[in-house]
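Could you build the full structure based on these sequences and the hints that come with them?
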Amino acid sequence: MPDASARAFALALLVPVGALIAPSGALAADPVPDEPPTAQETPSVSVPYGVEFRVSGEDGSLTSWLQGVSRLVVLQGEPPATPAGLRQRVDADLERFAQALRARGYYDATLAAEVDTEARPARVVISAEPGTLYTLASVVFDYRGTDERADLPQDPGTAGLEVGAPARAQAVLDGEHTLTLALQRAARPLARVTDRLVVVDHARHVMEVTYTVEPGPKAAFGPLVVRGLEKVDETFVQAMVPWREGDPYDERVVREFRKRLSESRLFGTLDMGPEAAVGPDGRIPIHLTLSEAPPRTIAAGVSYGTDRGPGASARWEHRNLLGAGEHLRIEAVGALSEQSVAASLRKPYFLSPRQTLTASSRVAREDLEAYTGLVAEAAAGVERVLSEHWRVSGNLSLEMAHLTWPGEDVSRPHALAGLPVQVSRDATDNALDPTRGTRFSLTAQPFAGVVESESTGFLVVDALASGYVPALPDRLVLAGRARLASLTGASLDRVPPNRRLYAGGGGSVRGFGYQMIGPLAANGDPLGGRSAAEIGVEARIKITPTIAVVPFLEGGLVGPESWPSFDETIRWGAGLGARYHTDFGPLRVDLGVPLNPRDEDDSFQVYISLGQAF
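The sequence shown maps to residues -28 to -1, 1 to 586 in mature numbering (1 follows the signal peptide of the UniProt record, and there is no 0).
Honestly, the hints are just simulated from the structure, not real lab data. Note that the Cβ used here is the ideal one computed from N, Cα and C, for glycine as well. Wrong hints could be hidden among the right ones.
Subject to a maximum C-alpha distance of 20 Å in a straight line, what follows is the list of computed EDC-like cross-link-like pairs (lysine to aspartate or glutamate) [stated by the list, open to error]:
no.	residue 1	residue 2
1	K190	D173
2	K190	E223
3	K231	E298
4	K319	E264
5	K514	D555
6	K190	E247
7	K319	E206
8	K203	E235
9	K319	E355
10	K231	D243
11	K231	D398
12	K231	D114
13	K514	D405
14	K190	D219
15	K190	D119
16	K319	D243
17	K190	E264
18	K203	D119
19	K203	D123
Distance ranges between label pairs, derived from CB positions [stated by the list, open to error]:
no.	residue 1	residue 2	range
20	H361	E186	34 to 44 Å
21	T518	D219	40 to 50 Å
22	R227	E206	41 to 51 Å
23	P93	N402	11 to 21 Å
24	G251	E101	44 to 54 Å
25	E360	G117	30 to 40 Å
26	D219	P418	40 to 50 Å
Structure below.
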């Protein structure tokens, strides 16, 4: 075993490790600032320099690691004023490199630097010999304050460590949190690591770690004590609790509760955790202190497309209408192609923590190439979360409209009742700007009603999928989408134009006008169809952290039969877009052109909106 001085030396190495492993940007300045020129030195404007790293016996990862913590590299664009200032940077970096290598498990590394200030620019060569990679020889949990040790873990894996693995300082530090969380998941809410002893044995090239742990008593969930509520009902907060009193304490369940509170958007800050002691009944109360966020929001937006013209929208929403998280939204849209007012209400935790009651209504005047007229619609239903990514919804909808049909000068009234059902999966990382993951939705909408005085009935099935791959992290995202839709049960002349299938426009096939792909009437109006298919790909290329360019290619078809016939001409559009990334999502400008246009198609289309195209 190493002697006491070796132990002290090993402990001293780990004290500053939190700073050592931080990214270079987190280091505020060199340990010693650049010195001003001495009387013997002739001041110059600056001493520009280049840096070369020579690390023996490694695959490049250590070189990247050292470059990442190097102030020489970070400050290369801000050269020092004197050669002495450059040497000070080099000396500070050598100490930083030694600490960084120890953090990676190299405890007997040797470092050297050559500085040639006569060269133009000055030349700095950093040479590193990492030496032997130290490994973990033992990980011991020293439990204190309890005689009940039978169910206490001893496996190093409980702390996320493995005997024989590289002796990396960050893994040892992370082990404290990992071990504490593992105990808190096993009904020990007061568990904590009180000390950490690390011994580096230079003779054997190993590290030995001992955690001193106070596991605390086992406990069950006690009552939730809520403070700070003003307008939110406490019964609503209690309904969000994912445990029952008497259940074994589990930190994962507490975190799920925290997530639910955050996702409700009702609270600005929250402080939650177990009380300091377990009660005589073996239960531990949970304290929760909340501050309510402003419940109302007013927002406005604008959009533009050459196919639909300019548009503006405004909305008002209240996220706690009746005190139990009821979310009311009222929105108005004013555009050349649509003037509408809509309202929606969502009541969470409807009969179940995973269910939401929904209701919506909308009155609109629509002026599209395919049809014009008035539409009034209302719907009510339930959404249910099945898992982290999956959800299902069902609605009862009613619609009344008076529309001018494609190619006709007269309008026809219709009334429809529908029962739309949707299953969806969203495993992406961002709603407005996804960079990884997939999305899928399948919607089935049976309708029955009357067109003028004749009855009608039909079924619309629409499947949509998209995927996102970060080909180059933070630089390039490859995205693709596909859609397949079918309408069965009625001929096209018995289907109101607003319920037919269309393709074309932003979010569909850019380069073609809105709903313009597919059969056209004699006057050039789109007739719509009973089937539709779309496919699209784009590359989202970041030029700077906030600006990206997006080339895209999309295609689609609309047919008169209930299943797409790929003998039909697929209309292709391509183009280039720009994105400006903001905190609330990317601002999008796209220019698309049709690759195989008809005489009726415009030569290009421009789209301006918020969020990615898909």
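Hint by hint, here is what the structure shows:
With a CA separation close to 37 Å, the supplied pair K190 and D173 exceeds the 20 Å bound. In summary, the hint linking K190 to E223 is supported, as the alpha carbons are separated by about 13 Å, within the 20 Å threshold. Restraint check for K231 and E298: satisfied, since their Cα atoms lie roughly 18 Å apart, inside the 20 Å limit. Note on K319 and E264: the hinted pairing holds, with a Cα-Cα distance of about 18 Å set against a maximum of 20 Å.
For the given pair, K514 sits about 16 Å from D555 by alpha-carbon distance, which is consistent with the 20 Å threshold. Restraint check for K190 and E247: the C-alpha separation of about 14 Å stays at or below 20 Å, so the hint holds. Only pairs whose Cα atoms come within 20 Å are accepted, and K319 paired with E206 is accepted, the gap being roughly 16 Å. Distance hint between K203 and E235 is fulfilled; the C-alpha atoms sit about 18 Å from each other, no more than 20 Å.
For the proposed pair K319 and E355, the alpha carbon gap of about 10 Å is at most 20 Å, so the pair holds. Only pairs whose Cα atoms come within 20 Å are accepted, and K231 paired with D243 is accepted, the gap being roughly 12 Å. Our distance criterion of 20 Å between C-alpha atoms is met by K231 and D398, whose separation comes to about 18 Å. Simply put, K231 and D114 have alpha-carbon atoms about 33 Å apart, too far for the 20 Å limit, and the pair is violated.
Only pairs whose Cα atoms come within 20 Å are accepted, and K514 paired with D405 is accepted, the gap being roughly 13 Å. Between the alpha carbons of K190 and D219 the distance comes to roughly 11 Å, so the proposed pair stays at or under 20 Å and holds. As the CA atoms of K190 and D119 are separated by approximately 12 Å, the hinted pair is consistent with the 20 Å bound. For the hint linking K319 to D243, the alpha-carbon distance of about 25 Å lies beyond 20 Å, and the restraint is violated.
Proposed proximity of K190 and E264 is contradicted: the alpha carbons are some 33 Å apart, above 20 Å. Among the hinted pairs, K203 with D119 is inconsistent with the structure: their alpha-carbon atoms are about 47 Å apart, more than 20 Å. As the CA atoms of K203 and D123 are separated by approximately 45 Å, the hinted pair breaks the 20 Å bound. For H361 and E186, the hinted distance range of 34 to 44 Å is satisfied, since their beta carbons lie about 38 Å from each other.
Here the CB-CB span from T518 to D219 is close to 47 Å, well matched to the stated 40 to 50 Å. Checked against the hint of 41 to 51 Å, the pair R227 and E206 fails, with Cβ atoms roughly 21 Å apart. Between P93 and N402 the CB atoms are about 42 Å apart, so this pair departs from the stated range of 11 to 21 Å. Taking the beta carbon of each, G251 and E101 are about 59 Å apart, not inside 44 to 54 Å as hinted.
Hint check: E360 to G117, Cβ distance near 37 Å, so the stated range 30 to 40 Å holds. A hinted range of 40 to 50 Å holds for the C-beta pair D219 and P418, which are about 43 Å apart.
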